[in-house]
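**Q** Chains as they are written, first to last, in the working numbering: chain W, 7 to 206; chain Z, 4 to 637.
Among the hints, erroneous ones may be present.
[Unchecked claim] Computed cross-link-like contacts, DMTMM-like style, restricted to lysine to aspartate or glutamate with a CA-CA straight-line distance of at most 25 Å:
hint	chain 1	residue 1	chain 2	residue 2
1	W	K55	Z	E185
2	Z	K169	W	E159
3	Z	K196	W	E125
4	Z	K463	Z	E185
5	Z	K251	W	E128
6	Z	K556	Z	E566
7	W	K184	W	E159
Because the hints were derived from the structure by calculation, they are not lab data.
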Amino acid sequence: MVLDKTTRYFSLQVPTQEVLYENLKKINVVDVKELSKFLHNIIDKLSGKLITPQTTSITNEKDRKDLVDIYIFFINKVVGRELKKENIIEDLTVAEVLSQHITIITDTILSRFQDIKKELTEKLTAISSNYLSDFDWKLNQILSSDHINIVQENTLFLNLTIKQNQNDSKQLLIELSKKELDHLLETFETINNTVQSLKI
Amino acid sequence: MDDVDQIILITIKDLGCELNENITGVKDFDCDMTYEFIISYLRLINENKINNLPTTLPKNMSARVNTCSLLSNIIKEMGYRSELSYHQILYPNVGDTRKIFTFLGQNLPKKVDTETKEGRMKLEDQIALYFQNTVKESWIPYFCPFSKRVPGNYSTARLFTTTTLKIPSKGRQLKNTPGLEEYYLRVLPVLSKQVNRFDDIAPSVFEYNLTIYADAQERDLEWNSKGSASGLNPLDYKKNKAKQILSKMNNSIMNDMNTQSASGSSFGGQDSFSTLLKEFGTGKWVDANQGQFNRKKLFTNEHLSGGNIDLKQQSMTSEETEEERQAKRQEELDQLQSKLNEITDRMQQFVKEIEQFASMMRQVESENVEQDQRRETLEKTYKLKKKTFGLLDDAEGNMKELQGLCNQTSQNLVELSMEWEKVRQPIVEKYRSIKDKKMNQQDEAKSKIERIKEMSELIKKLVHDIQQREEHFSQLQEAYKTAPKDTNRSIYTRRIMESVKNIKKQKVDIDKVLLDTKALLKEINTITDSAYRSHEVIKDLLSKEDRKDPLSKQVVRVFSTIESKFEQLYISIDETGQFRNNILNLNSKIDHSTQKSNTLNMDRLVIDLKNVKEENQTLIKTIKAKIQQQNQQQ
Numbered sequence: 007m008v009l010d011k012t013t014r015y016f017s018l019q020v021p022t023q024e025v026l027y028e029n030l031k032k033i034n035v036v037d038v039k040e041l042s043k044f045l046h047n048i049i050d051k052l053s054g055k056l057i058t059p060q061t062t063s064i065t066n067e068k069d070r071k072d073l074v075d076i077y078i079f080f081i082n083k084v085v086g087r088e089l090k091k092e093n094i095i096e097d098l099t100v101a102e103v104l105s106q107h108i109t110i111i112t113d114t115i116l117s118r119f120q121d122i123k124k125e126l127t128e129k130l131t132a133i134s135s136n137y138l139s140d141f142d143w144k145l146n147q148i149l150s151s152d153h154i155n156i157v158q159e160n161t162l163f164l165n166l167t168i169k170q171n172q173n174d175s176k177q178l179l180i181e182l183s184k185k186e187l188d189h190l191l192e193t194f195e196t197i198n199n200t201v202q203s204l205k206i
Numbered sequence: 004m005d006d007v008d009q010i011i012l013i014t015i016k017d018l019g020c021e022l023n024e025n026i027t028g029v030k031d032f033d034c035d036m037t038y039e040f041i042i043s044y045l046r047l048i049n050e051n052k053i054n055n056l057p058t059t060l061p062k063n064m065s066a067r068v069n070t071c072s073l074l075s076n077i078i079k080e081m082g083y084r085s086e087l088s089y090h091q092i093l094y095p096n097v098g099d100t101r102k103i104f105t106f107l108g109q110n111l112p113k114k115v116d117t118e119t120k121e122g123r124m125k126l127e128d129q130i131a132l133y134f135q136n137t138v139k140e141s142w143i144p145y146f147c148p149f150s151k152r153v154p155g156n157y158s159t160a161r162l163f164t165t166t167t168l169k170i171p172s173k174g175r176q177l178k179n180t181p182g183l184e185e186y187y188l189r190v191l192p193v194l195s196k197q198v199n200r201f202d203d204i205a206p207s208v209f210e211y212n213l214t215i216y217a218d219a220q221e222r223d224l225e226w227n228s229k230g231s232a233s234g235l236n237p238l239d240y241k242k243n244k245a246k247q248i249l250s251k252m253n254n255s256i257m258n259d260m261n262t263q264s265a266s267g268s269s270f271g272g273q274d275s276f277s278t279l280l281k282e283f284g285t286g287k288w289v290d291a292n293q294g295q296f297n298r299k300k301l302f303t304n305e306h307l308s309g310g311n312i313d314l315k316q317q318s319m320t321s322e323e324t325e326e327e328r329q330a331k332r333q334e335e336l337d338q339l340q341s342k343l344n345e346i347t348d349r350m351q352q353f354v355k356e357i358e359q360f361a362s363m364m365r366q367v368e369s370e371n372v373e374q375d376q377r378r379e380t381l382e383k384t385y386k387l388k389k390k391t392f393g394l395l396d397d398a399e400g401n402m403k404e405l406q407g408l409c410n411q412t413s414q415n416l417v418e419l420s421m422e423w424e425k426v427r428q429p430i431v432e433k434y435r436s437i438k439d440k441k442m443n444q445q446d447e448a449k450s451k452i453e454r455i456k457e458m459s460e461l462i463k464k465l466v467h468d469i470q471q472r473e474e475h476f477s478q479l480q481e482a483y484k485t486a487p488k489d490t491n492r493s494i495y496t497r498r499i500m501e502s503v504k505n506i507k508k509q510k511v512d513i514d515k516v517l518l519d520t521k522a523l524l525k526e527i528n529t530i531t532d533s534a535y536r537s538h539e540v541i542k543d544l545l546s547k548e549d550r551k552d553p554l555s556k557q558v559v560r561v562f563s564t565i566e567s568k569f570e571q572l573y574i575s576i577d578e579t580g581q582f583r584n585n586i587l588n589l590n591s592k593i594d595h596s597t598q599k600s601n602t603l604n605m606d607r608l609v610i611d612l613k614n615v616k617e618e619n620q621t622l623i624k625t626i627k628a629k630i631q632q633q634n635q636q637q
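Chain W on its own, in the form it takes in the complex:
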């Protein structure tokens, strides 16, 4: 894939953001031994884990936070554009990061590439439309009603938690008889088949 380079960096498309990349070289302070773990923790944070990347080399809390933020930004850009190893190295070299650090950073990013990509894709799909985030179900048996003594019918309560616009979530409660449930499952089957045909 031939990349068109719109700015000094492969990973950037908007020239104004180049100022941000000036901060990339601040990682040179971090000890080489700690670097790999530090970066992995940053990636974990990116993937939604409650974790604060720690390093002993930076004592100032604000600096550390800034560094974490800028690297989250950088990793997002790199993975988002699906850069090759050479391009990442070049970007980092332009940003004046030490060569020893560069190899560690590229290795780390490339080793977690698929994880990050998955995470980004999930985030991306989350902004576009509603999606199912959780579900719960219970099975009720109706023993009798006010007219009929013995009913003995099973109903399934399906509770769907649907996320809209990232943070609003909607609860959807459906009551299904056996026939309806069968129908629903059939529909799911066809949906799954369609998805399967689109899956690589």
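Starting from the known structure of chain W, fit chain Z onto it as the hints suggest.
**A** Frame of chain W, contents of chain Z only:
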């Protein structure tokens, strides 16, 4: 009875009691051993019952009797039918002891099964047992208060929550990406620390496992249904599919873009990007004909005019009231608005006009094309007509010429067709043969694919079979491992076989004896018949010769005496037989009673009696001594 004894001995050994080698059967048990063995039996059957009893018989006589009577009571409580009191244990006789042990043995087996296997029960069995117990228990929802729940199974039930896990894997990826191994080794937390709560570990692992399994299964299914029919190898198929999907996506996105740009072009050739932006806009700008640029321009205009107002305001004196100012502003705003409306209206008009012109242009162009076509056809017809007019002068000659030409051309045509046929035939044949070949190849390929499918199914079946067999094998091996190595069973079976053999032999013997007796009976019958007949004949003879001869009379008399004597003899023989039977019966009774008397252990009883007497005497002595002491003290 030996076999029963052997079984009892083996069970006793299994129970963990020490047995002397010279003990060969129940008859060798003395009272201490009997007591000990019964206790070890009972310990397995019900340990609570024998808590009060000592493991070995005490030495004191009275204590002995007490414990033995307690023990006998326990055994009776368990449902032992025959007579049982302390002396059957204290003075064991073979029959009773055997009965007791067989009774205890019958009560034993189930207990032995569960108790001895508990330790080495397989994990699966334990799980199965746990679930069995869980099924029996009534379910209480997780939100019920803890106090009402039965401690154990369902009280630990909770909501199913999972965390996505990251599990290191070997393979090509690990080799190709340099940092991955380091990540797995140093940074990636262990599985139990990846989850947020400890309780989530198992569900998370289940989910992870299931997703991978389901994914693999779906892939497999797809490959079986579509992939194998395509005749590609899996990798190529995957690549192909990826390509197809990519192109599909591209197409759909392109289509969308096209429709959007088409709708955008109706707004007078505006940039599609700006329309896109407008769709995402805040919605305040309702006017559909204004794009991004226009909006910007208008916005700046407004700003400028606002600035003008400011300037004006500064220059104005403070005499102007607020209301006037507002009115002015409103006026200006209205003016601007009307101007704006005018401009937009004009814009719309222009756009419409442009569209009209464009459509007119199109119409005119199409008309042009039509005219051109018409012109061409007209030209052609004109040329043809001109030639025919030229030829009309010499009509007949020309006709002849034309006919000649026609003949020639027809001949030529025939020749050409002949030639063509010559050329065509081999080509067609070749084509047909190639087509046939291709069809054959296709058929072959199809059949091969079908065969491949069949084979893959067979392979799956075989793999399944093998797995089952392996499972079975491992189960059997487990069972073999857990099975006791002293192989009671084989001993039993061997013994059973031996006894069956013995029984067969005995049956054959019995059959022989029966045959002999039958033969004997037959002989006896024939002999008695012949004797009877001869007796009758002699009687007749004698009665005939009765009157002629006095000697014969004597003979008759002698004969009658002989007859009576014989009858007496018969009777006496019968009696002796009866007596003999009686004797045998009595003998067996005597044997039985002697056995009983033997097992009564008279010697032991006498010794015990002596012991008791001695004990009594010593007790009396001590009492006497004490009384003397008391007397002396007094």
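**Q** For each hint, tell me whether it holds in the structure or not.
**A** Here is what the structure says about each hint:
no.	hint	verdict
1	W:K55 <-> Z:E185	holds, 20 Å
2	Z:K169 <-> W:E159	violated, 42 Å
3	Z:K196 <-> W:E125	holds, 20 Å
4	Z:K463 <-> Z:E185	violated, 38 Å
5	Z:K251 <-> W:E128	holds, 21 Å
6	Z:K556 <-> Z:E566	holds, 15 Å
7	W:K184 <-> W:E159	holds, 9 Å
Hints 2, 4 from the earlier list are contradicted by this structure; the remaining hints agree with it.
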